[in-house]
Amino acid sequence: MEDYSVIGKRIPRIDGRVKVTGEAKYAADYAMPGMLWCKILRSPHAHARILNIDTSRAEKLPGVKAVLTGKDFNGWRWGWMPQSRDEAPLADDKVRYLAEAVAAVAAVDERTAEKATELIQVEYEELPGIFDPEEAMNDGAPKVYDHVKNNVSFEFHMNFGDVEQAFAESDLVREDRFETGRVITGYLEPPSAVALWDSSGITIWAAKQSPYFPYRHLAACFNLPLNKIRVIQPFIGGGFGGTKNDSLAGDFCACLFSKMTGKPVKFVYSMEEVLMTCRRRHNMIIHNKMGMKKDGTLTGMHSRVIADGGGHTAIGPLTMYLTGCMSTLPYKLPNFKHDAYRIFTNNPIGAAMRGHGVTHTRFAAEIQMEMMAEELGIDPLEVRLKNGISAPHKTINKVTVDSCGLIEGLETLARRPEWKDKDRKKGIEGPISHGVGISGTAYLSGARQRGHQSCGAVVRVCEDGTVNYLTGASDCGQGSDTVLVQIVAEELGLDMDSVDIKRVDTALTPCDAGSYGSRVTVLAGEAAQKAARDVRDQLARIAAEKWEVDAGDIAFKNQQVFVRSAPEKTMSFENLAKIASYAGAGAVIIGKGYSQYGLEPYDFNKGEGDAGTSYSFTSQLSEVDVDLETGFVKCSKMVIAHDCGKPLNPINVEAQNQGAAVQGLGQTLYEEFKMVRGETQNPDLRDYKMPLAPDTPDIEVIDIITDDPHGPYGAKEASEGAIVSTPPSVVSAIHDATGIWFKELPVTPEKILRALKNLPQK
Amino acid sequence: MEMKKIKFVINGQPCELKVYPWATLLEMIREDLQLIGTKEGCGQGECGSCTVIMDGKTINSCLVPAVEADGKEITTIEGLARGDKLHPVQEAFVENAGMQCGFCTPGMIMSAKALLDRNPAPSDEEIRAGIAGNFCRCTGYTKIIESIRAAAALMEGRK
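Chains as they are written, first to last, in the working numbering: chain D, 42 to 803; chain H, 3 to 161.
Just so you know, the hints here were simulated from the structure itself, not pulled from any lab data. In this text, a Cβ means the ideal position worked out from N, Cα and C, and glycines have one as well. Please note: incorrect hints may appear among the correct ones.
What the hints assert, rightly or not - Taking lysine-lysine and the DSSO-like style, the derived pairs with C-alpha atoms no more than 27 Å apart in a straight line are: (1) D/LYS50 / D/LYS598; (2) H/LYS87 / D/LYS543; (3) D/LYS66 / H/LYS87; (4) D/LYS156 / H/LYS20; (5) D/LYS730 / H/LYS59; (6) H/LYS59 / D/LYS66; (7) H/LYS6 / D/LYS156; (8) D/LYS466 / D/LYS715; (9) D/LYS730 / D/LYS784; (10) D/LYS715 / D/LYS184.
What the hints assert, rightly or not - Coverage of chain D stretches by chain H, computed from C-beta distances (three or more under 8 Å per stretch; other residues unrestricted): (11) 194-200; (12) 366-373; (13) 734-741.
With the hints as constraints, model all of the structure from the sequences given.
Set out below in structure tokens:
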């Protein structure tokens, strides 16, 4: 392995200090003189036509400066695909889910704005609602959009090989219905922004994990050129996909209010607004059919997926794509058919969340594969080792895998005492039954959507030898700023402190697609590497001229520049920067680069090709103690063997895996929105149960090094794999403890008790 | 409604303020005192992001009326470091990746500090219980627990 100075080291986060002292400013921490507050009025109906809105009483309330309704946005809509732009900043014709935004107020303070929203009178014609996606597909079901047949928001089909023949030739075929839960990202920082519209255009300090999404949305909504849209990124209090990768009613209203009043305008959503109205993970019903030979060899799989999309399309088409295109990993699957339907209902909007799309269908396939192995008397580990892929591998839908640590990961877990001695530990002590489960899953890294994909980077050398690094990539907590600075420092032979990074400012930083699909380290990392190398080449030419050697012979390390073949010729990086800046006419050293991995297009209609530039593999072992009297499950231990190619910052990679696993644990055991006719019954953090410290296990992370040929320094995904591997490994452990297979998430104590007593599930 | 004059000590500094009876301690800290390190997550006393220490005990400042601060001593995240010198808990969180997005961090650190002040050598279980009022959605808690363990060792060494 190459001898790196900072890459691969356990470097503390560069934003650690400002975060532990309270200095780090988040969107809600911004305030400006004369600032107004924006509050949103939300619909009391899940499905209703808006007949009339009377804002006059609100306008007369002292302190109110402006009021907006849907009409003020002139029918503009946004959405992920050109054909799916169906969401308005404020609903103007119908409301399609409960608490959808219908009007907004700007006032001198938050309380006045809130009070004024209560004075707005909206006349609705209530419409019959539809809340069950399977019922919504029936003829005659209430329609969420008048022009959409059977409420099908988006459908996606894949068909490779011949599944029917595969099933006919199988020794065992199983059909099961799985369901994943209604869960949400669960960031603690509610969305917030301060917007200012002046003669220079729009400037908005907004809590966005992908600032270039609202950058484009705001330009389109207000018909402004992109160079008049300035999204400045504060620190972000967690993202996890969905809401903070998109725009909100509040963003559009704050901007328009600022234009109307000439004042800066701020909004902060309440946690209730977050939990009732923000984008959540699609809950999905997966009808899975799988074929297997007696020896455990998988022959084929057919998945029929029905996803609750809620009232709008949002990023749903990509979700549906990911439910299928990734199903051919990480096990050899010669025949695969996939039919995915995203269905409009009058529920809150389903969208992306960490483990996007993949976590649903992989859960179904993992559990079903293990159920079949059990029927055939095959060990859960053995069936995975038998079917697991090794690199190089090309799936039936042309997903190319050039590095794969699945088998090594599974074998690593197999050697662990938790697995080896599992039969010894098995058994019941008092009411507690112990169980161990395993899973082996894959995720993509360097995800590509449609449209603009590239990340840019600029590295600027200051005349004292320090460096400014500009990136459009966003650190919403995952630690990417630290890793990207490591890359720049490594390439220039500098220490971490010599490289400064500012957060995204769309007027200054080079464009970047955003933080999603585990793409930042891989793609923004490639851009950073290229920009730093551009700087190195420029400086090397200047050094070469001075020393009269070949520029290719110049090396950068430990803040020094030297000639490889004559190491006595050396000077500090600082000195070279000064020579470059001051000698002769002087030079301005600016390096630039952009990512170019994975330029081959993928076929979005067929589900063929690479939706990522590389693939990570996560093998996970989970231990649980199930209380047979109360049904309560305590997950006591997790061991995650994760192949991220090569960890560029191992402590960060561990932290990402641990965080993803606990988020996955929440959706496996605890978290679930209780819905009654479109109304979220538990929109607070007391009743929407995210894991707290006493609920979580110790989590050990083992790096499986595969050194991916594509990623920078061999790196791949590190932040999403473990949210895919956790649910099946925990459910497998619960099965080990109880002998019962649970096919619906979350596996609550109630479900466990009902199953133990052989009662029907509610 | 009439404002009430209160006197208290915040981060070691005596302070006198007029507050509305309906104002929360969190509003007073963030708006009147402009100490924005203390965060508002849920505003309902569930998430722990607004945790501060009042007379040695952690409280959810979003649930406490500002007038309750009268005569009390309050410590917020801004009151831990001494100039450039971080408090051992802060130092341990930086070194051990005890934070990711950082939003829960000020509240988490206040809970950790209060725990270590009353129990300098907590077991892992006691650490978990000590931060049971603070959600963290990023770390999965493992690295926070390691940070608090490291902070305990640092503080022990400094005695």
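Results of checking the hints against the structure:
1. D/LYS50 / D/LYS598: At roughly 16 Å apart (the allowed maximum being 27 Å), D/LYS598 and D/LYS50 satisfy the hint.
2. H/LYS87 / D/LYS543: holds (24 Å)
3. D/LYS66 / H/LYS87: Roughly 20 Å separates the two Cα atoms, so the pair holds.
4. D/LYS156 / H/LYS20: Answer holds: D/LYS156 to H/LYS20 is near 24 Å, not above 27 Å.
5. D/LYS730 / H/LYS59: holds (25 Å)
6. H/LYS59 / D/LYS66: Holds, at about 26 Å.
7. H/LYS6 / D/LYS156: holds (24 Å)
8. D/LYS466 / D/LYS715: violated (36 Å)
9. D/LYS730 / D/LYS784: Holds, because 20 Å separates the two Cα atoms, which is no more than 27 Å.
10. D/LYS715 / D/LYS184: holds (23 Å)
11. 194-200: violated (count 0)
12. 366-373: violated (count 0)
13. 734-741: holds (count 5)
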